[in-house]
Amino acid sequence: MAAPRIIVVGGGLAGLAAVIKIAEAGGSVDLFSIVPVKRSHSVCAQGGINAAKNLKGEGDTTWKHFDDTVFGGDFLANQTPVKAMCEAAPAIIDLLDRMGVTFNRTPEGLLDFRRFGGTLYNRTAFAGATTGQQLLYALDEQVRRHESEGKVRKFEGWEFLSAVVDSKGVARGITALDLRTMELRSFAADAIILATGGIGAIFGKSTNSVVCTGSAQSAIFQQGAFYANGELIQVHPTTIPGEDKLRLMSESARGEGGRVWVPRTPGDQRPIKQIPEAERFYFLEEWYPKYGNLVPRDIATRAIHKVVYEEGLGIDGQPMVYLDLTHIDRATLNRKLEGILDIYQKFVGDDPRDIPMKIFPGMHYTMGGLWVDFGQMTNIPGIFAAGECEYQYHGANRLGANSLLSCIFGGFLAGPNALEYARNLPAAEGDGGHAAEIARQAEINLGLLTNEGTENPFKLWRELGQTMTENATVIRYNKNLRQADEKIVELLERYKKVNLADRSQWANTSFAFARQLKNMLELARVIVQGAILRDESRGAHYKPDFPERNDERFLKTTKASFTGSPEGPRFEYEEVDTQFIPPRPRSYEAAH
Amino acid sequence: MATRTVQFEIRRQASPDAPAVWESFELAWRAGMNVTSALMEIAGNPVTSHGCQTTPVTYDSNCLEEICGSCAMRINGRARMACSALVDNLDQPIRVEPLSKFPLVRDLQVDRSVLFENLKAVKAWVPIDGTYDLGPGPRVFPQEQEVNYPLSNCISCTCCMEACPQFNEATGFVGAATIAQVKLFNSHPTGKVLKEERLRALAGDGGIQECGFAQNCVEVCPKRIPLTNTISSVSRDVLLQKIKDFLGS
Numbered sequence: 002m003a004a005p006r007i008i009v010v011g012g013g014l015a016g017l018a019a020v021i022k023i024a025e026a027g028g029s030v031d032l033f034s035i036v037p038v039k040r041s042h043s044v045c046a047q048g049g050i051n052a053a054k055n056l057k058g059e060g061d062t063t064w065k066h067f068d069d070t071v072f073g074g075d076f077l078a079n080q081t082p083v084k085a086m087c088e089a090a091p092a093i094i095d096l097l098d099r100m101g102v103t104f105n106r107t108p109e110g111l112l113d114f115r116r117f118g119g120t121l122y123n124r125t126a127f128a129g130a131t132t133g134q135q136l137l138y139a140l141d142e143q144v145r146r147h148e149s150e151g152k153v154r155k156f157e158g159w160e161f162l163s164a165v166v167d168s169k170g171v172a173r174g175i176t177a178l179d180l181r182t183m184e185l186r187s188f189a190a191d192a193i194i195l196a197t198g199g200i201g202a203i204f205g206k207s208t209n210s211v212v213c214t215g216s217a218q219s220a221i222f223q224q225g226a227f228y229a230n231g232e233l234i235q236v237h238p239t240t241i242p243g244e245d246k247l248r249l250m251s252e253s254a255r256g257e258g259g260r261v262w263v264p265r266t267p268g269d270q271r272p273i274k275q276i277p278e279a280e281r282f283y284f285l286e287e288w289y290p291k292y293g294n295l296v297p298r299d300i301a302t303r304a305i306h307k308v309v310y311e312e313g314l315g316i317d318g319q320p321m322v323y324l325d326l327t328h329i330d331r332a333t334l335n336r337k338l339e340g341i342l343d344i345y346q347k348f349v350g351d352d353p354r355d356i357p358m359k360i361f362p363g364m365h366y367t368m369g370g371l372w373v374d375f376g377q378m379t380n381i382p383g384i385f386a387a388g389e390c391e392y393q394y395h396g397a398n399r400l401g402a403n404s405l406l407s408c409i410f411g412g413f414l415a416g417p418n419a420l421e422y423a424r425n426l427p428a429a430e431g432d433g434g435h436a437a438e439i440a441r442q443a444e445i446n447l448g449l450l451t452n453e454g455t456e457n458p459f460k461l462w463r464e465l466g467q468t469m470t471e472n473a474t475v476i477r478y479n480k481n482l483r484q485a486d487e488k489i490v491e492l493l494e495r496y497k498k499v500n501l502a503d504r505s506q507w508a509n510t511s512f513a514f515a516r517q518l519k520n521m522l523e524l525a526r527v528i529v530q531g532a533i534l535r536d537e538s539r540g541a542h543y544k545p546d547f548p549e550r551n552d553e554r555f556l557k558t559t560k561a562s563f564t565g566s567p568e569g570p571r572f573e574y575e576e577v578d579t580q581f582i583p584p585r586p587r588s589y590e591a592a593h
Numbered sequence: 242m243a244t245r246t247v248q249f250e251i252r253r254q255a256s257p258d259a260p261a262v263w264e265s266f267e268l269a270w271r272a273g274m275n276v277t278s279a280l281m282e283i284a285g286n287p288v289t290s291h292g293c294q295t296t297p298v299t300y301d302s303n304c305l306e307e308i309c310g311s312c313a314m315r316i317n318g319r320a321r322m323a324c325s326a327l328v329d330n331l332d333q334p335i336r337v338e339p340l341s342k343f344p345l346v347r348d349l350q351v352d353r354s355v356l357f358e359n360l361k362a363v364k365a366w367v368p369i370d371g372t373y374d375l376g377p378g379p380r381v382f383p384q385e386q387e388v389n390y391p392l393s394n395c396i397s398c399t400c401c402m403e404a405c406p407q408f409n410e411a412t413g414f415v416g417a418a419t420i421a422q423v424k425l426f427n428s429h430p431t432g433k434v435l436k437e438e439r440l441r442a443l444a445g446d447g448g449i450q451e452c453g454f455a456q457n458c459v460e461v462c463p464k465r466i467p468l469t470n471t472i473s474s475v476s477r478d479v480l481l482q483k484i485k486d487f488l489g490s
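So the sequences go chain by chain: Z and W.
In this text, residue positions in the first sequence follow my numbering: the first is 2, and each later residue adds one.
In this text, residue positions in the second sequence follow my numbering: the first is 242, and each later residue adds one.
Bear in mind the hints are in silico, worked out from the structure with no lab data behind them.
Using N, Cα and C, we set each Cβ at its ideal position, and we do this for glycine too.
Accuracy of the hints is not assured; some may be wrong.
Listed below are the simulated DSS-like cross-link pairs for lysine-lysine, each with C-alpha atoms no more than 25 angstroms apart in a straight line [claimed, not checked]:
1. Lys433(W) <-> Lys485(W)
2. Lys485(W) <-> Lys155(Z)
3. Lys65(Z) <-> Lys307(Z)
4. Lys433(W) <-> Lys342(W)
5. Lys433(W) <-> Lys483(W)
6. Lys557(Z) <-> Lys65(Z)
7. Lys342(W) <-> Lys436(W)
8. Lys483(W) <-> Lys152(Z)
9. Lys152(Z) <-> Lys436(W)
10. Lys498(Z) <-> Lys560(Z)
11. Lys488(Z) <-> Lys460(Z)
12. Lys480(Z) <-> Lys307(Z)
13. Lys436(W) <-> Lys485(W)
14. Lys152(Z) <-> Lys485(W)
15. Lys155(Z) <-> Lys361(W)
Restraint-style ranges between C-beta atoms, simulated for each label pair [unchecked claim]:
16. Ala362(W) <-> Arg154(Z): 42 to 50 angstroms
17. Lys485(W) <-> Leu121(Z): 50 to 58 angstroms
18. Gly268(Z) <-> Thr246(W): 28 to 36 angstroms
19. Phe454(W) <-> Glu312(Z): 55 to 63 angstroms
20. Glu430(Z) <-> His291(W): 20 to 28 angstroms
21. Glu453(Z) <-> Pro257(W): 24 to 32 angstroms
22. Leu450(Z) <-> Pro257(W): 35 to 43 angstroms
23. Lys169(Z) <-> Ala362(W): 42 to 50 angstroms
24. Asp329(W) <-> Gln580(Z): 53 to 61 angstroms
25. Gly453(W) <-> Glu471(Z): 19 to 27 angstroms
26. Ala591(Z) <-> Pro383(W): 33 to 41 angstroms
27. Glu312(Z) <-> Pro257(W): 43 to 51 angstroms
28. Thr333(Z) <-> Asn409(W): 56 to 64 angstroms
29. Gly268(Z) <-> Ser341(W): 23 to 31 angstroms
Residues from chain Z shown here face chain W by an in silico Cβ test under 7 angstroms; the list is partial [as the list claims (entries may be wrong)]:
30. Ala443
31. Leu447
32. Gln506
33. Trp507
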């Protein structure tokens, strides 16, 4: 039997982690990525990566990490995989260290750790405030090494369009588009790993990168894959509002002592430094004395919303609050946070070492994603998923610095599992469905290029983003969600009249974008309808009309499947694995 | 009150063989506007300031916060990242052109894969035994980390190569970014096992001796990497290696 061929789609942390494991085990990999893999969205992660190494003498354990993660996720995550991830974390940090990640160090030359949200322990290893960049580079370098030894072929500048599935429903490869020549091709594989990241673009502006459209996930959802917990969207409390995106201001700013406040007097006109301590409202510290500024993200985000919209205390009446680092000395700030302080200074103009930053919550992360089993395989045999594009590790709210960990852990599992699966796969009958899938994709492409409509895809996208941000983020009402779903249906209808201003067959970005847009619209319905059905409040999903968590009805994983009917997806629910830690009320007013 | 506007002139080229043309755009000014947000706005309404229908501009971008290295282009003549190019800080009309030292793909998009090939040539990685659990890595003191971390911040934007007078087809110079990575990996307790190979890779034609010390690289580097100091230091190491190799042969 020929050596198995594995395709990995996506070159962020999860994808590269999978590639390394496969190459190391003697497999050969074709790695597909829209951008050169070194430019993947993982570079944007800032604050750090969690592992209970207990190097600060605090008595931290992997069990406490596990408990914090499950509790932080409001008990919606299956516990078996989360437990395994937390147990693997210390060795993952050691490996990254051996790969040469420039982690910050203690005077003794050991790894330094800082605090992050949702825990009382210093558990977060970090490389300045550019940890994601440093981790991605370490894996990128190892992949480059395997590439130079002929074990990995890179297809950078190719966009995944669909899976090739044979007559028995088994995956046999992918179709992809060369974004330069616009060539459509299919590629055979015995197993496929999707590591295609987040879906921020569905919300228009978010902290995500341009490529984070969720298009690949949506494509295989429309081919029969379950999409789980789609309604669980993390809105990060501290982002910098911008014209083209919301730039992340890392939780590590608070981990290093940053304080969130507003003037107690609405519209206080005094210069910031002349507002005395007593007239500053440090609302997170007052409301959550134990965790203070380091409550989990969903809680901090809702608190900021409350201060701004219910109490009318936004700075200058605007939807903004202060994130203040000015009490910390410059040398410490530069050593631990320089990367993010530079971002703020470059894009806003003020030096956050002197002037408190102005921040506001913004869409950041999807806890939901492709449904996978504990071995990272979707319900389509042969298609695996790892990283943000799958749903498994974060329940209803992700803790800061757990995403880099779940990406690497998921990739490390998916790689060997895909190889093992591929080794046992019987040969395909006939062409495995390649010709039919190519024909289906060619028809979609032709339709788009010859369409004589009036709609600009970029404008439709803006409308989608606005609808999703207004109705499906921090506070959710069923009435508004239903209106959002109607709006998406309207956009899907208008999409049929999309007219590309560019019909050329060379590096046509409008064409690629129009294809992504269709997939974004389909996935948006999963998010909105899943949110309508979950009549409770849990983690990041908050409905004022249903303010309590309802374990009896909703301690369940949402599973959406595509129907193609106008009503949208079909929903079913699956029991959550809670065998290790019985669910208990989630509160951060005291230690939990 | 007349609406405040922003003027752009963008160099367009439909394909590598097509003629280059300049197109002008006039957009409504908004606070915090940057060059990438302007390009996004043009995509939503691709009409020139003369009222001609055109195509959305092709360009590379991804993170929009100057960490992925995608959106390097020449803006008012200077190689820089388009995301961090704030309109309020630029003279108008804002002239936007592709990088000139790399093969053009379309409009503002160029092919910078040469950098990734260079990184392969100098083995810019730590040769670990494997990814299985082998315990902690070597100790690194904070003083060393503080030297290495800035080098590891290189975003592969290639601005340093674009700005370098020596980076051209005649010299085949590898450019500052690659040299900085040699320094980084040669400083790592495990990475330095490949030190001699890396230095030899920089010893021949197109190697470090092509540097003319114009210092443009350090001026344009968006991450303020100490490129010229690094080149000097690696230059010394390459010379020592040459002498060693000569005496040893």
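Handout entry: Hints violated by the structure (numbers, ascending)
Key = Hints 2, 3, 4, 7, 8, 10, 14, 16, 20, 22, 25, 27, 28, 29, 30, 31 and 32 are the ones this structure does not satisfy, whereas the remaining hints hold.
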